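Peer 1: The residues making up each chain are set out below.
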Amino acid sequence: MSTITIILIVTLVVVLWIVGAYNRFVRLVNQAKEAWADIQVQLKRRYDLIPNLVETVKGYAAHESSAFENVTKARAAAMGAGSATPAAQAQAENQLSGALKTLFAVSEAYPDLKANENFLQLQKEIGDTEDKIQASRRFYNTTVMTLNTAVQSFPGNVIANSFKFAPMDLFELTAADAAAAEPVKVKF
Amino acid sequence: MDLYAQRTSNIRRTWALVLGFLVVVTAVGYAISWYYGNSAILYFAVIVAVSTNFYAYWASDKLVLSMNRARPATREEFFDLYTVTENLAITAGLPKPKLYVIDDPAPNAFATGRDEKHAVVCATTGLLSVLTRPELEGVIAHELSHIKNRDILLMTVAVVLAGFVAIVADIFLRMSLHGGRSDNKQGNAVMMILAVAGIVLAPLAAKLIQFAVSRRREYLADASGALLTRYPEGLASALQKISSYNMPMRRANHATAHLFIDEPFGKPEGGKLAWLERLFSTHPPIQERIQAILGTQTSS
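From first to last, the protein sequence lines stand for chains A and B. Those letters in the first sequence? Residues 1 to 188, by my numbering. Those letters in the second sequence? Residues 1 to 300, by my numbering.
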């Protein structure tokens, strides 16, 4: 084969590889974005369940006003923080989780409430919602890991740097959230 | 070996087995073509093997369910099974499979379906009554891994290949009985005997490879499932409970046996021929599976 043909074939192969790598990065980034959006879907599910829970508990434990207020305020804060950075939202969400835990702990003292069908159902649903939030966060981390590995490995990183594909952040507990990781202390 | 390394190792070993399988199949094909100077038999065998298994693969979700008299599992009736499956499917990035339940005291579960979108997971009432939620998560993660790793497709391919070999050998034997041998292939006697022995033993070899592939995929589903839950103890504990139940399932069937999380036919007895029974098992021994999953923990 003539030199020109060889050069053309090599160039074609390189171009095809570049196109393939670029498209792969686009796909991985979009998968990670979709995974992030899916977390928001699960968070919204929790927001929607909470007012119902607050009303049910109020029916039996009306004077536990501080517990209700904390939950309602934390919920509003978390919904507002949605547009801020992931770290701010994570912190707001953790505070909401903490407020919910306190509300459930407080409900332990009211046997009529604990026997209420509606309350039990809501408790199960909110528990399931938190499992779903965790599941979607884990899936998000898996997609981000795949993206980061692709962007950082050689020779993909050459393409990634040229076209400005950057690694994304994993969903992690920051130092501020470490307090939220402590178990709730219930005092009687 | 940690779980990631196990997963890679299992995938590699599957490829080695499939390659070995293809070698056997190709050898059988060549032997027959050489012997009869004609490859019509091969085409016939391929068409029969593929067509008889294609329907089973395509409609695998509906077929297996009706064979086992399964009923749909609703969220109201089976909250734990439903939510565990839904949540693990989110973590795995899979569409949520359809859920079914079989009324049987033997604890067992299976997954089937030709691809992710047509996937089905089924559990027995026996399983749901003896397992705790973390154990159920381990089992469902194992089943979802079968779906994600496309084991149903792989096992169908293995069954097609084994069927192809069996059909070719069958035709060969029938034709030999009628004394139909091509004249221009004198060859030497040793080659003849080898070819005949090879063709008679080939279906057996193919079946053994098929079972070996099935066992390898079970190990892989265990490792993938543990990576999905990040809690290997759940599955290990579930396997321990499942293995201590010795009765066979009410409706055990050889065609679907490989799909279940454990042998639906009850355990092989120990004794002199145990190694032989193991070769023909669709599932590895439970104790070895538990060790493989937990092996990583003993060093910590």
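Be aware that one or more of the hints could be misleading.
DMTMM-like, lysine to aspartate or glutamate: derived pairs with alpha carbons at most 25 Å apart [what the hints assert, rightly or not]:
#1 K33/A <-> E116/B
#2 K33/A <-> D112/A
#3 K73/A <-> E55/A
#4 K117/B <-> E108/A
#5 K148/B <-> D48/A
#6 K117/B <-> E69/A
#7 K117/B <-> E34/A
#8 K148/B <-> D131/A
#9 K96/B <-> E69/A
#10 K58/A <-> E34/A
#11 K241/B <-> E116/B
#12 K114/A <-> D80/B
#13 K148/B <-> E277/B
#14 K124/A <-> E76/B
#15 K98/B <-> D38/A
#16 K73/A <-> E34/A
#17 K44/A <-> E86/B
#18 K101/A <-> D80/B
#19 K148/B <-> E64/A
#20 K148/B <-> E69/A
#21 K114/A <-> E76/B
#22 K101/A <-> E288/B
#23 K98/B <-> D115/B
For each label pair, taking beta carbons as the anchor points, the in silico distance ranges come out as [claimed, not checked]:
#24 R230/B <-> A62/A: 38 to 46 Å
#25 E77/B <-> Q123/A: 43 to 51 Å
#26 N52/A <-> S244/B: 37 to 45 Å
#27 L201/B <-> E130/A: 56 to 64 Å
#28 D2/B <-> P111/A: 46 to 54 Å
#29 A56/B <-> P111/A: 50 to 58 Å
#30 G20/A <-> Y43/B: 57 to 65 Å
#31 I11/B <-> N52/A: 41 to 49 Å
#32 L201/B <-> N30/A: 18 to 26 Å
#33 G20/A <-> Q240/B: 42 to 50 Å
#34 K33/A <-> F280/B: 46 to 54 Å
#35 P285/B <-> N52/A: 31 to 39 Å
#36 W17/A <-> A27/B: 20 to 28 Å
Just so you know, the hints here were simulated from the structure itself, not pulled from any lab data. The structure displayed is predicted, hence computed values, not measured ones. The C-beta atom is built at its ideal place from N, Cα and C for all residues, glycine as well.
Peer 1: Hint compliance check: list the failing hint numbers for this structure, sorted ascending.
Peer 2: Of the numbered hints given earlier, those the structure breaks are 2, 4, 5, 6, 9, 10, 11, 13, 16, 19, 20, 22, 25, 30, 32, 35, 36, listed in rising order.
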